[in-house]
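K.L.:
Following the hints, position chain D against chain C.
Going line by line, the protein sequences match chains C and D.
In this text, residue positions in the first sequence follow this note's numbering: the first is 60, and each later residue adds one.
In this text, residue positions in the second sequence follow this note's numbering: the first is 4, and each later residue adds one.
Rather than coming from a laboratory, the hints here were simulated on the basis of the structure.
As the structure is a computational prediction, the values presented were derived from the model and not from experiment.
Possibly wrong hints are sitting among the right ones.
Derived lysine-lysine pairs resembling DSS-like cross-links, with alpha carbons at most 30 Å apart [what the hints assert, rightly or not]:
(1) Lys97/C x Lys76/C
(2) Lys97/C x Lys48/D
(3) Lys48/D x Lys95/D
(4) Lys45/D x Lys82/D
(5) Lys111/C x Lys82/D
(6) Lys5/D x Lys98/D
(7) Lys111/C x Lys97/C
(8) Lys98/D x Lys45/D
(9) Lys48/D x Lys111/C
(10) Lys98/D x Lys103/C
(11) Lys5/D x Lys48/D
(12) Lys103/C x Lys103/D
(13) Lys76/C x Lys103/C
(14) Lys103/D x Lys45/D
(15) Lys48/D x Lys82/D
(16) Lys98/D x Lys111/C
(17) Lys45/D x Lys95/D
(18) Lys97/C x Lys98/D
(19) Lys95/D x Lys103/C
(20) Lys97/C x Lys5/D
(21) Lys5/D x Lys103/D
(22) Lys48/D x Lys103/C
(23) Lys97/C x Lys95/D
(24) Lys111/C x Lys76/C
(25) Lys48/D x Lys98/D
(26) Lys103/C x Lys5/D
(27) Lys5/D x Lys45/D
(28) Lys45/D x Lys76/C
(29) Lys103/D x Lys82/D
(30) Lys111/C x Lys45/D
(31) Lys97/C x Lys103/D
(32) Lys76/C x Lys5/D
(33) Lys97/C x Lys82/D
(34) Lys95/D x Lys5/D
(35) Lys103/D x Lys48/D
(36) Lys111/C x Lys95/D
These are the residues of each chain, in order.
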Amino acid sequence: DAMVIQNPRYQVTQFGKPVTLSCSQTLNHNVMYWYQQKSSQAPKLLFHYYDKDFNNEADTPDNFQSRRPNTSFCFLDIRSPGLGDAAMYLCATGTGLILGNVLTFGAGSRLTVL
Amino acid sequence: RKEVEQDPGPFNVPEGATVAFNCTYSNSASQSFFWYRQDCRKEPKLLMSVYSSGNEDGRFTAQLNRASQYISLLIRDSKLSDSATYLCVVNKDDKIIFGKGTRLHILP
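The following block holds chain C by itself, in its conformation from the complex (with noise of 0.2 Å):
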């Protein structure tokens, strides 16, 4: 049974046309994370959620918004897709223990700009 569920798989959009993707976790683990990650990168983390606080990368750019309304769903809007934010975008799911922290990935959200 999938834990960490991410919508769409895949979304095409226009240059500029906002994008939501959507995460949810049945974990109740504490602390959610957005990942980008292109091809053959490592996954780079653009922000994290600790139950409620937000804890946004130092050069993750204003586009790229999120949104975390309870402990089960986080969102991540892109304002203005540029055609260098086609990537796939990966949710996690941590408990936070600081030994430990294991991560839980679900399927990613492939995006596509025309």
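P.N.:
What follows is chain D alone, placed relative to chain C:
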């Protein structure tokens, strides 16, 4: 210096051989360490955690050297199904950073 560095490979290794990957990290205050496996166009999945005492899971052995800020993964008797990208992952507090990954191709 990148926070987590790995040799990107690819490593092309005959089936049955032993292969070793290395990873270095820059933050000496890092608290926990992992190896993840990622298949092509799939999400990363946990392979194993890495402990200072070293740990083994079947054909896989992971080692951590805190003094040198160095993590390793050894795969013995490699199988075709081991072909994947292996990601070194480092955790400090609730922030988790991935290395770029090392690509492994097991050759029949």
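K.L.:
All hints, please: hold or fail.
P.N.:
Here's how the hints hold up against the structure:
1. Under the criterion of a C-alpha separation no larger than 30 Å, the hint pairing lysine 97/C with lysine 76/C is consistent with the structure, at around 20 Å.
2. For the hint linking lysine 97/C to lysine 48/D, the alpha-carbon distance of about 17 Å falls within 30 Å, and the restraint holds.
3. Straight-line distance between C-alpha atoms of lysine 48/D and lysine 95/D comes to about 19 Å, which keeps the hinted pair within the 30 Å bound.
4. Among the hinted pairs, lysine 45/D with lysine 82/D is consistent with the structure: their alpha-carbon atoms are about 19 Å apart, no more than 30 Å.
5. For the given pair, lysine 111/C sits about 43 Å from lysine 82/D by alpha-carbon distance, which is inconsistent with the 30 Å threshold.
6. Between lysine 5/D and lysine 98/D the CA atoms are separated by roughly 15 Å; this keeps the pair inside 30 Å, and the hint holds.
7. As the CA atoms of lysine 111/C and lysine 97/C are separated by approximately 28 Å, the hinted pair is consistent with the 30 Å bound.
8. At most 30 Å may separate the alpha-carbon atoms for a hinted pair to count; lysine 98/D and lysine 45/D meet this at roughly 22 Å.
9. Annotation: proposed proximity of lysine 48/D to lysine 111/C holds, straight-line Cα distance about 26 Å (limit 30 Å).
10. Between lysine 98/D and lysine 103/C the alpha-carbon distance is near 12 Å, which keeps this suggested pair within the 30 Å criterion.
11. For the proposed pair lysine 5/D and lysine 48/D, the alpha carbon gap of about 22 Å is at most 30 Å, so the pair holds.
12. Distance hint between lysine 103/C and lysine 103/D is fulfilled; the C-alpha atoms sit about 9 Å from each other, no more than 30 Å.
13. Straight-line distance between C-alpha atoms of lysine 76/C and lysine 103/C comes to about 23 Å, which keeps the hinted pair within the 30 Å bound.
14. For the suggested pair lysine 103/D and lysine 45/D, the alpha carbons sit about 15 Å apart, so the restraint of at most 30 Å is met.
15. A hinted pair counts as satisfied when its Cα atoms are at most 30 Å apart, and lysine 48/D with lysine 82/D qualifies at roughly 18 Å.
16. For the proposed pair lysine 98/D and lysine 111/C, the alpha carbon gap of about 15 Å is at most 30 Å, so the pair holds.
17. The suggested pairing of lysine 45/D with lysine 95/D holds, with an alpha-carbon distance near 25 Å, which does not exceed 30 Å.
18. Our distance criterion of 30 Å between C-alpha atoms is met by lysine 97/C and lysine 98/D, whose separation comes to about 20 Å.
19. Between lysine 95/D and lysine 103/C the CA atoms are separated by roughly 15 Å; this keeps the pair inside 30 Å, and the hint holds.
20. Distance check on the hinted pair: lysine 97/C and lysine 5/D sit about 17 Å apart at the alpha-carbon level, within 30 Å; holds.
21. Our distance criterion of 30 Å between C-alpha atoms is met by lysine 5/D and lysine 103/D, whose separation comes to about 10 Å.
22. A distance of roughly 16 Å separates the Cα atoms of lysine 48/D and lysine 103/C; the hinted pair therefore holds under the 30 Å criterion.
23. Under the criterion of a C-alpha separation no larger than 30 Å, the hint pairing lysine 97/C with lysine 95/D is consistent with the structure, at around 24 Å.
24. Distance restraint check for lysine 111/C and lysine 76/C: the Cα-Cα separation of roughly 28 Å lies within the 30 Å cut-off, and the hinted pair is therefore satisfied.
25. The straight-line distance between the Cα atoms of lysine 48/D and lysine 98/D is roughly 17 Å, inside the 30 Å bound, and the hint therefore holds.
26. Of the pairs offered as hints, the one joining lysine 103/C and lysine 5/D holds, with about 12 Å between alpha carbons and a cut-off of 30 Å not exceeded.
27. In summary, the hint linking lysine 5/D to lysine 45/D is supported, as the alpha carbons are separated by about 24 Å, within the 30 Å threshold.
28. The straight-line distance between the Cα atoms of lysine 45/D and lysine 76/C is roughly 26 Å, inside the 30 Å bound, and the hint therefore holds.
29. Taking the CA atoms of lysine 103/D and lysine 82/D, the gap is about 23 Å. The hint holds against a cut of 30 Å.
30. Annotation: proposed proximity of lysine 111/C to lysine 45/D holds, straight-line Cα distance about 28 Å (limit 30 Å).
31. Distance hint between lysine 97/C and lysine 103/D is fulfilled; the C-alpha atoms sit about 11 Å from each other, no more than 30 Å.
32. With a C-alpha separation of about 33 Å, the suggested pair lysine 76/C and lysine 5/D falls outside the 30 Å cut-off, and the hint is violated.
33. A hinted pair counts as satisfied when its Cα atoms are at most 30 Å apart, and lysine 97/C with lysine 82/D qualifies at roughly 27 Å.
34. In summary, the hint linking lysine 95/D to lysine 5/D is supported, as the alpha carbons are separated by about 15 Å, within the 30 Å threshold.
35. Only pairs whose Cα atoms come within 30 Å are accepted, and lysine 103/D paired with lysine 48/D is accepted, the gap being roughly 15 Å.
36. Restraint check for lysine 111/C and lysine 95/D: the C-alpha separation of about 19 Å stays at or below 30 Å, so the hint holds.
Of the numbered hints listed earlier, those contradicted by the structure are 5, 32.
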